[in-house]
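Colleague: Let the sequences and hints guide you as you build the complete structure.
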Amino acid sequence: MRTRWWLSALVVLGVLALCGSWLLRGGGARSPPQDTAQVARPADAGLPARALVAPRTLRPDAAGLRIRGTVVDVRGEPVAGAHVSASWPEPGQTLSELPCPEEPLKALHDGRVPPEARGMKLPGCMGMASGLVLERVTAREGEAPVHAQATTADDGTFVLEGLPEGPLALWVLAEHGAVLHPGLPAGTEGVKLVLEEGRVVEGLVLGDGAPLAGATVTVLHGPHTRFFDATTGADGRFRVGPLPHGAFYVVVAREGWLPELEFDDAKLEVTLHRPHPLTGRVLSGGAPVPGVEVHVTPGESIPSNRDRTATSDAEGRFRFVLPLSGQHTLSASRDGRYALARVELGAAPSPEVLLELGSALHVEGRVSDSARRPVAGARVSLSSSSTDVTTLETVTGKDGRYRLGPVEPGGWRFYLKADRYVDTRQPLERKLSAGMGPVDFTLARASSVTGRVTDPEGRPLPGLELSLVRPKPEDSLGFHAPLEQAWTDEEGRFILDASAPGKYRLKVFDQRFLGVDLPVRAPARDVHVRMRAGASVKGTVVDAHGLPVDQFRVFPDARGPEDGAGSHREAHTDEQGRFHLQGVKPGDYVLRASREMGGVKREASREVKLGDGVHPEVELRLAAERTLSGTVVDGEGRPLEGAYLRAWPPERGRVRIRERRLDGRPTPPSGSIPTGPDGRFTLRYLTEAAYDVGVWKHGYTLVPERSKGAPLVDGDRFGTGPDTGPLHIVLERRPHVVGRVVGPDGAPLPSFIANNVPVEDANGAFAVPMQEDGPFILTLWADGLERLERQVEAYSRGKDLDLGVLRMTADAGQD
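Under my numbering, the first residue of the sequence shown is numbered 332, with each subsequent residue one higher.
Since the hints were made in silico from the structure, they are not lab data. Quick reminder that beta carbons are idealized off the backbone N, C-alpha and C, glycines included. One thing to keep in mind: the hints can contain errors.
What the hints assert, rightly or not - Cross-link-like lysine to aspartate or glutamate pairs, in silico, EDC-like; alpha carbons within 16 angstroms at most:
hint, residue 1, residue 2
1, K932, E956
2, K523, D404
3, K932, D874
4, K940, D888
Said to hold, decoys possible - What follows is a list of derived Cβ distance ranges for each label pair:
hint, residue 1, residue 2, range
5, N1087, R703, 50 to 58 angstroms
6, K1039, G944, 57 to 65 angstroms
7, I1084, G789, 57 to 65 angstroms
8, R843, P1057, 23 to 31 angstroms
9, G497, D786, 25 to 33 angstroms
Modeller: Right, here's the structure in full:
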């Protein structure tokens, strides 16, 4: 069985706070903030962006409730002129309340929607449902209704009136910052909203390889689905902000071009494509065939059922509007007869494509067991050996036979899977050719463990994950990784297929129940697993002002001589700060809530006693928080952008803030915050008496003797307390090893690897920071060339070491 790595990725994407706002500039004159669209002027025009004032239509509400509060900055000073609005998603209407389309979810998991993905809403699969998102956003549909809006007075106060009952999301948008606080109940008085520095969504829109002016850009917030618009300037650039911190989706559209949906990143570049119409006909013996699904994909790969689809009409005709020029591949099938065609799309209209059923190669065969009995319901997947991307799959019939197409001559990989049989862990290689006979397979019978899972009252439990684990030898600790995983069906039944008979452990884990770890001997039938509820606790997590906080992880920390059984249970607060923790082993615990934010770990805790059948409700309140600010500069005293800081209590011990690697590239430390263009930073949410503060920037070194504001601890971090003032941190750029790389012909290499870091430079130039702890080896590597190594002396302050031009030679081992 496949594991659920993909679901974690979806959930991570889905729960990110995708926020939207506006940018205020008005010809140099200050004007009231507006929750509106923005136009980005060309970057070189020297003019500020102009705000397009488009008053938002408020939803009429009769409850007459209000929210009264104050907006302050991180220093506690009131913020005047901030725009405050209240919204909340509407069931069945707002994008965030729509369910994920089933097809994208099926595409990830063997053609079915796994139980844990059922009920997932659109923010959890936004990138996989781009067609639906584009359709709604470009039609200006699916935005959460705005119930009230106001502008803060000189003392930072505001009143939102005429609100409906229930929770609301408050958006604060100001010239120099923004904040989003979801889950506030209507009728709340005395709310204090702290304005954060905010961020800006900006990027470049291209069309036909050139900047595209006049494109409409919609910044889309996911969980609450607010739209914030901009229009690209003559240089194709747009800028929207300040926005509340988080991640965003961006929809770009322009008349005459196909719209695009992109996930925002630091260097957002969106390319729009002109529509390329492609028409054709499906024929059989020269006669039109209606109702045939035609699939198309860019490039030479054979399309799968998950690619773009059109259906032939009564005359056998079909039509696509494609976003890309270049080569495309089309396929069609009907009653075991297949067609395949390739077409080149360009500026000129493409000629009609003819798909003649029966003209393309296919593969067929039989799946049987060792006794030559047919295996019905076996899933057969097929991928080309050249791409290793699964493109075709089917299920065997009652006679064990399958048929797949269209295929092309050459090497192919087959994957087989069937309940009660041993799956093919490795692909089965076969060479396909015209005139070939059947391609048959034999599956070995598994030593299956079957049964059902029920709740304490005997009711079936669908959607629970089970694992079959083989114990390690007696002289070792723990268990091997799961050999097989499965999910219970609607009747609570499961099948776990072991490759060999013997002793195993059957493990069941679900956040609602106590975990199960049972010894079983495979094969086994009718194993009944009865789950136990254990203890549970409900509650809310609020900040020091009593406002609910979302996305906090809540977990029990065992106080007694327990084995930490409770620590494997966790829940997360929703937008109203609520959590429900279940399946906890009875005992005494410290209930903790935590979340990494802004380079600081925010925490709240309280002692609880949990017992079977006991369901207490508790509140976890964060302590009053303070801030710590400062500036990071380079060795010349210039503000340093992109230096990363993180704070942690000293009792955690020595925590080194260091780079991570992502795709071989240096990546900022997890949980850290960056300095802005002015080198400034603010660490918020500090509650402990003392914090150690670390700083990192790739290729730079801390200069302790020139840094001020707090004592250094072990020479690499600052020891701070409640009275610590602004920090002044100096980072000096380390000397780099620099040079140029050329190939055997003397031409610059535009792409290569330098000390495990990908380098892309048209002139073959590279710069690698020297090591601080002694000599090191500079290693250069490129496809088809001999590895090149140079020893570099120990780091010392001074100039870069220029190695000049380095020539790489052809790999003698290559043909």
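Colleague: Determine for every hint whether it applies to the structure shown.
Modeller: Each hint tested on the structure:
1. K932 <-> E956: Holds. K932 to E956 sits at ~12 angstroms (cutoff 16 angstroms).
2. K523 <-> D404: holds, 10 angstroms
3. K932 <-> D874: holds, 14 angstroms
4. K940 <-> D888: Satisfied, since the Cα-Cα distance of roughly 11 angstroms is no more than 16 angstroms.
5. N1087 <-> R703: 50 to 58 angstroms: holds, 52 angstroms
6. K1039 <-> G944: 57 to 65 angstroms: For G944 against K1039, whose Cβ atoms are near 59 angstroms apart, the range 57 to 65 angstroms holds.
7. I1084 <-> G789: 57 to 65 angstroms: holds, 60 angstroms
8. R843 <-> P1057: 23 to 31 angstroms: Cβ of R843 to Cβ of P1057: about 48 angstroms, so the range 23 to 31 angstroms is violated.
9. G497 <-> D786: 25 to 33 angstroms: holds, 31 angstroms
The structure does not agree with numbered hint 8 stated previously, though it agrees with all others.
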